[in-house]
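Participant: Since chain A is already given, all that's left is putting chain Z on it; use the hints.
Taken in order, these protein sequences are the chains called A and Z. Just add 5 to wherever you are in the first sequence, counting from 1, and you've got the working numbering. Just add 17 to wherever you are in the second sequence, counting from 1, and you've got the working numbering.
Derived from the structure by calculation, the hints contain no laboratory data. Nothing here was measured: the structure is a model prediction, and the numbers come from that model. Virtual Cβ for every residue (Gly too), placed ideally from N, Cα, C. Careful: at least some of the hints might be erroneous.
Over 10 Å on every C-beta distance to chain A, these chain Z residues come out as not near it, computed from the model [to be verified]:
| # | residue |
| --- | --- |
| 1 | Arg51 |
| 2 | Arg60 |
| 3 | Ala65 |
| 4 | Ala69 |
Chain Z residues, not near chain A, derived (Cβ > 10 Å throughout) [stated by the list, open to error]:
| # | residue |
| --- | --- |
| 5 | Ala63 |
| 6 | Asp64 |
| 7 | Ala70 |
| 8 | Glu76 |
| 9 | Ala81 |
| 10 | Arg97 |
Now the stretches of chain A that chain Z is said to cover, found in silico as 3 or more residues with beta-carbon under 8 Å [claimed, not checked]:
| # | stretch |
| --- | --- |
| 11 | 40 to 48 |
| 12 | 60 to 73 |
| 13 | 173 to 181 |
| 14 | 184 to 196 |
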Amino acid sequence: METAGDDGEAAAVGAAALSSDLSDAQLVARCRTGDEGAWRLLVERFSRYVYAICVQAFRLPEPDAEDVFQEVFARVYEKLDTLRDDDAFRPWVGQLTRRCCIDRLRTGSREEPADAVPEAAADDVLGELEQAYDVHEALAALPENCQEILDRFFARDESYRTIGDALELPAGTIASRISRCLTKLRENWEETEYPARPENR
Amino acid sequence: MSAYDIERLSRLIGMLPPAPEAWVRAAQELPGARRELETIVERAEADAAFRAALVADLESALRAEGVEPTRPLLDELRRRVAE
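In isolation and in its complexed conformation, chain A is listed as follows:
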């Protein structure tokens, strides 16, 4: 992949022009031109997915997961030019991560894994992670306050108290806000997943 070098102005403009509205394919195309802002966003966008494959699907110990995580993004950076279909970035990075995890398990880890993970079991979890990624994409379409409270509570596992302090909300209102936001997420999800169903109109 080319890089923009030290062209700070170009990088700044690129970063400023970026938003989460960019599709994966658009982001990949910008990365190929050496836009480092696009690269940062691409890493940010897929970091949870790669991390989850390492620690949930393959249950790698943290030191191994960190090595694989860095290896995956290093390979993405080196091999982005070989990706044939930019719209297929997500399955590509998913497969790359899967292969790196399997290699790590086969060649021996820095720490003994808690238990060996059969590949078939890992693939079941991978299927669920695909759905989880779709749900996170739907989450990104909600108002920012909903995104934040749902992410803090379910993904970051923060307590009502921590969320209340961070968002300056009374603890008593957090549960009801989470409930409202989840309902909104489900409505949005059903509209996008099942648009033809009359009950969703």
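Facilitator: For chain Z alone, kept in the frame of chain A given last:
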């Protein structure tokens, strides 16, 4: 009612927690780290003493240049200085 009831949605949100910030930052800084790596290799080619110190302690050499010594970068640097 879809299969995505509230409980299932909650569980799926929870399946993608954030990766550790330091990992994400190191991956985001990869383009700059690669440039630093090139500079280090050029210096090693021109300066035998620097090369010896580098071979002796790759991690410290990268840190001294402000680069997080991730495993892929260390492997790459090890390969390059061995050539």
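Participant: Against each hint, give a clear statement of whether it holds in the structure.
Facilitator: Results for each hint:
With a least CB separation of 7 Å from chain A, Arg51/Z falls inside the 10 Å interface cut-off, contrary to its annotation. Arg60/Z, annotated as away from the interface, keeps every beta carbon of chain A farther than 10 Å; the closest lies near 18 Å. Even its closest Cβ contact with chain A, about 28 Å, leaves Ala65/Z beyond 10 Å, as expected for a residue assigned away from the interface. The beta carbon of Ala69/Z is kept farther than 10 Å from every beta carbon of chain A, the shortest such distance being approximately 27 Å.
With a least CB separation of 21 Å from chain A, Ala63/Z remains clear of the 10 Å interface cut-off, as annotated. Even its closest Cβ contact with chain A, about 23 Å, leaves Asp64/Z beyond 10 Å, as expected for a residue assigned away from the interface. For Ala70/Z, the requirement that its beta carbon stay farther than 10 Å from each beta carbon of chain A is met, with the minimum near 24 Å. The claim that Glu76/Z is not at the interface with chain A holds, since no C-beta of that chain comes within 10 Å of its own (minimum 14 Å).
Listed as outside the interface, Ala81/Z is consistent with that label: its C-beta sits roughly 20 Å from the nearest C-beta of chain A, beyond the 10 Å cut-off. Look at Arg97/Z: its CB is around 14 Å from the nearest CB on chain A, clear of 10 Å, so calling it non-interface holds up. Counting residues of the stretch 40 to 48 of chain A whose beta-carbon sits less than 8 Å from any beta-carbon of chain Z gives 4, enough to reach three: the coverage restraint holds. Coverage of a stretch by a chain is defined here by at least three residues with a beta carbon nearer than 8 Å to that chain's beta carbons; for the stretch 60 to 73 of chain A and chain Z the count is 3, and the condition holds.
Chain Z is given as covering the stretch 173 to 181 of chain A, and this is violated because 0 residues of the stretch bring a CB closer than 8 Å to a CB of that chain, at least three being needed. With 6 residues bearing a CB less than 8 Å from a CB of chain Z, the stretch 184 to 196 of chain A meets the requirement of three and the coverage assertion stands.
Hint check: violations occur at hints 1, 13; the rest are consistent with the structure.
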